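**Student:** Those sequence lines, one after another, are chains A and B.
For the first sequence, this note's numbering gives the first residue as 1, with consecutive numbering after it.
For the second sequence, this note's numbering gives the first residue as 1001, with consecutive numbering after it.
Source of the hints: derived by calculation from the structure; they are not laboratory data.
Fair warning: this is a prediction, and the values are worked out from it, not measured in the lab.
Each hint should be verified, as a subset may be incorrect.
[Unchecked claim] Straight-line distance between alpha carbons at most 27 Å, and here's what the computed DSS-like set of lysine-lysine pairs gives:
id : chain 1 : residue 1 : chain 2 : residue 2
1  : B       : Lys1002   : A       : Lys276
2  : B       : Lys1002   : B       : Lys1162
3  : A       : Lys24     : B       : Lys1162
[To be verified] Per the computed footprint, the stretches of chain B lying under chain A, defined by three or more beta-carbons under 8 Å from a beta-carbon of chain A, are:
id : segment
4  : 1320 to 1332
5  : 1376 to 1384
[What the hints assert, rightly or not] Pulled a few chain B residues facing chain A out of the computed Cβ check, cut under 8 Å:
id : residue
6  : Gly1071
7  : Arg1089
8  : His1098
9  : Gly1145
10 : Thr1180
11 : Thr1348
12 : Leu1387
Heads up, the beta-carbon is just placed ideally off N, CA and C, and yes, glycines get one too.
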Amino acid sequence: MKFALVGVGGAGGRIVDRLRREEKAAGGSFSNGSLLAFDTTRAAFEQYDQIPLDRHVLVGDTHPEIRGEGVDGDVELAVSVAREDRDELHREFDKLELHELDAVVVVAGLGGGTGGGVGGVIVESLQTLTDAPVYGLVVLPDESEPERTALNAARSLQSFVRFTDGVVVFDNDSWHDDAQGTLAERYDELNGHLTKRVLAVLALGELADAEIAENTLDSSDLMKTLGTGGVSVIGHAEITLESGGGLLSRLLSPFRNGTEDEPTETLAMRTQDLIKRAATRRLTVSCSIDSADRAFLVLSGPPAECSRKGFESGRFWLEAQTDAAEVFAGDDPRPNASVVSASILFANVTDVPRIEALKQRAVAAQREDR
Amino acid sequence: MKLATIGVGNAGTKVLDRMLEFENATNRNLCRHAMAINTARTDLAKPDYVPADRRVLIGDTHQKAKGHGVGGDVEVGADVAKTDIEEIRRAFDDVEIHDVDAILVCAGLGGGTGSGAGPVVIDELQKMYDEPVYGLGVLPGKYEGGRPALNAARSLQSFVTKVDNFIGFDNDAWRARDQTIEEGYDEMNEELATRIVTLLAAGEKDDTDVAENVMDSSDIMRTLDTGGVSSIGYAASPVDEQKGLLSRFASNGEEFNADEATDATKIKGLVRRAVNSRLTIQCEVSSADRVLVVISGPPETFARKGLEASRQWLEQKADTVEVLAGDDPRENATELAAVVLLSNVTKTPRIDEIQSQAVDAQNKIRELDAVREQEIEELITDENDELDPVV
Chain A
1 MKFALVGVGG AGGRIVDRLR REEKAAGGSF SNGSLLAFDT TRAAFEQYDQ
51 IPLDRHVLVG DTHPEIRGEG VDGDVELAVS VAREDRDELH REFDKLELHE
101 LDAVVVVAGL GGGTGGGVGG VIVESLQTLT DAPVYGLVVL PDESEPERTA
151 LNAARSLQSF VRFTDGVVVF DNDSWHDDAQ GTLAERYDEL NGHLTKRVLA
201 VLALGELADA EIAENTLDSS DLMKTLGTGG VSVIGHAEIT LESGGGLLSR
251 LLSPFRNGTE DEPTETLAMR TQDLIKRAAT RRLTVSCSID SADRAFLVLS
301 GPPAECSRKG FESGRFWLEA QTDAAEVFAG DDPRPNASVV SASILFANVT
351 DVPRIEALKQ RAVAAQREDR
Chain B
1001 MKLATIGVGN AGTKVLDRML EFENATNRNL CRHAMAINTA RTDLAKPDYV
1051 PADRRVLIGD THQKAKGHGV GGDVEVGADV AKTDIEEIRR AFDDVEIHDV
1101 DAILVCAGLG GGTGSGAGPV VIDELQKMYD EPVYGLGVLP GKYEGGRPAL
1151 NAARSLQSFV TKVDNFIGFD NDAWRARDQT IEEGYDEMNE ELATRIVTLL
1201 AAGEKDDTDV AENVMDSSDI MRTLDTGGVS SIGYAASPVD EQKGLLSRFA
1251 SNGEEFNADE ATDATKIKGL VRRAVNSRLT IQCEVSSADR VLVVISGPPE
1301 TFARKGLEAS RQWLEQKADT VEVLAGDDPR ENATELAAVV LLSNVTKTPR
1351 IDEIQSQAVD AQNKIRELDA VREQEIEELI TDENDELDPV V
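Could you build all of it, start to finish, from the sequences and the hints given here?
**Tutor:** So this is what it looks like as structure tokens:
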């Protein structure tokens, strides 16, 4: 799928910057430089090296309470300045080559004031600015972040879900633990996990070394999957192939427990197992996959490493597990890849304990405020 | 037979491409005209044998397709084809219809394009031409799941009503344990191409000086004339070159009878194998309406007695008197092949299975559609509705 990237706020901008860097590194062409970064903090733009200057949009710089210094987590303030500047914001979208793209992806951290507030106004505006589907890619705050971030996130998630065609969610809390360092120290690492998953699914077929698949997934399949609306999550698992060829790695179990004499695993078993692991390991937000409405599975790697039987039975297993009637599945042949990976988009998951917890914290924070 | 062959969608195009490859490799000349129609630009880049100017992209201006497929949605597939019907019609104008006996439309029924656009294409062909239009449909395997089964079950109805005969191919039939995805599709398409081309290309050389047993296009068309769903059986064995040569020299000598007897046994055995092994779609042979058997290979390996015995065996097995049998001489063939067409078979377990899978899928899709909005609302709002959206 080809899509424009619109980053809002610090987290959104960093992710857009990262996605663009990965796009260039892979010789890809999903955004082709159709980028925009919105922020209320002038200094935020300094950290980007992939988003050109003319794509930096400072919102509310003339507002007396902001002046390019940010909204300090005040989502109401962010909404009101974005609305005041609405005409100006709309003009910025002329810079995106929307007619050449399939969709627009608005990326934002929902805990902050800018991502949730300005982001909310942007997704609302995009409804009238384009016929193309608009998707959200949002980050939910970690529990270690202030209570207000939970309130911002719970409220702006409502706006994102209502005004977009679907929201892919990444939950910092599912991925971060303070024992591993502070959240700020781990932005790069967490964004690495996020971008890998997002690219495996959304940028399918748009990277330079992509060959034509046997069982092709088209942009339409992806858009149909996301077309349910609601909250979507991504699962991913991969196996690094032993150097020196596929044969050796085929004989070695990915779960080698030291002994060389373990029973050998067939390619079919390994392929199916990889798909199962992608569905059951850490998702971008932990949730019950049986509440998913549709699913989209990509098996990527050297063709010789992808078993038809394993792929088909893995796909069948996935359909049974999710109890979804629409499971799109395809291969993504990468003759020179050193890994085989399975990535799964679960669309419209509705049983998401993390979002329930977020709403509870938000309600408590709101009562406290009043 | 001389065909105009049209591949619709990704699977249909691949089958067509494989048919052309097989023709090429075996010096056959079946598809006098080949055309691929698809909704996805990337898929149209794939064929090796379908000429670039015979690949038609439809739906590139359609709001929901835009040249990148129809999202496995049979409704969108049909809508795209209807919208671009003028373009399809113009492409058909290039078909020199007086050169062909029939039109074959190949499609996969599990996706959105073949299943949806296929019947629209067939409708148009039936309107434009008097020649019979046959369908070759790839049915999704069990493991492809609910949506493909639903597409296939619905599309099969349209195909069977609209075409003069529908030849079914079950994706699961060639599923093997140790294949990669690439090999899986390759092998399957190759098996299908071998069967369909060997069958339909029989009797293409109507002008050569031929023996009386030689199959004629009109026999094949007569067998297909039943309508309904058909299945193809196939078996082949390598020709012993030494023996072939010897029998030619010895044809006036004493060894002739012995050879004739072995050849007859061999042919009868091949025909049995063709029917009893994998059919393109599993069915009860006795439910067939008409049957046709073609023996294809070097003429010196043919045996009139074998052909006759096979015909009788098939009459009994298929419980019909309408069994046609004939030879398809291929001077330089390295194999002797028997291909059996079982026309209008009415007992096909896989189709019953697809239909029940489809009913389940349709119910599930409706259930999910009905609760979707409400479940999303419940996910994003709190119980007492205290939280307001920011925008």
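**Student:** Given Arg1089 of chain B as an interface hint, is the shortest Cβ-Cβ distance to chain A below 8 Å?
**Tutor:** violated (24 Å)
**Student:** Using the nearest Cβ pair, does Gly1071 of chain B come within less than 8 Å of chain A?
**Tutor:** holds (3 Å)
**Student:** Closer than 8 Å between Cβ atoms is the bar; does Leu1387 of chain B clear it against chain A? Give me holds or violated.
**Tutor:** Holds, about 5 Å.
**Student:** Do at least three Cβ atoms from the segment 1320 to 1332 of chain B come closer than 8 Å to Cβ atoms of chain A?
**Tutor:** With 0 residues closer than 8 Å to chain A, the segment 1320 to 1332 of chain B misses the three-residue bar; violated.
**Student:** Does the interface hint hold: is Thr1348 of chain B within less than 8 Å of chain A, judged Cβ to Cβ?
**Tutor:** violated (21 Å)
**Student:** Is the listed coverage of the segment 1376 to 1384 of chain B by chain A valid when you require three or more residues with a beta carbon under 8 Å from a beta carbon of that chain?
**Tutor:** holds (count 7)
**Student:** For a C-alpha distance cap of 27 Å, please report whether Lys1002 of chain B and Lys276 of chain A respect it.
**Tutor:** The hint is violated at about 48 Å.
**Student:** Answer holds if the nearest beta-carbon of chain A is closer than 8 Å to that of His1098 of chain B; otherwise answer violated.
**Tutor:** violated (36 Å)
**Student:** Are the Cα positions of Lys1002 of chain B and Lys1162 of chain B separated by 27 Å at most?
**Tutor:** holds (21 Å)
**Student:** Please verify that hint: Thr1180 of chain B, Cβ, nearest Cβ of chain A, below 8 Å or not.
**Tutor:** Check passed: Cβ of Thr1180 of chain B comes within 6 Å of chain A, closer than 8 Å.
**Student:** Check whether the Cα positions of Lys24 of chain A and Lys1162 of chain B lie no farther apart than 27 Å.
**Tutor:** violated (50 Å)
**Student:** If you take the shortest Cβ to Cβ gap from Gly1145 of chain B to chain A, is it below 8 Å?
**Tutor:** holds (4 Å)
Checked against the numbered hints above, the structure violates hints 1, 3, 4, 7, 8, 11; every other hint is satisfied.
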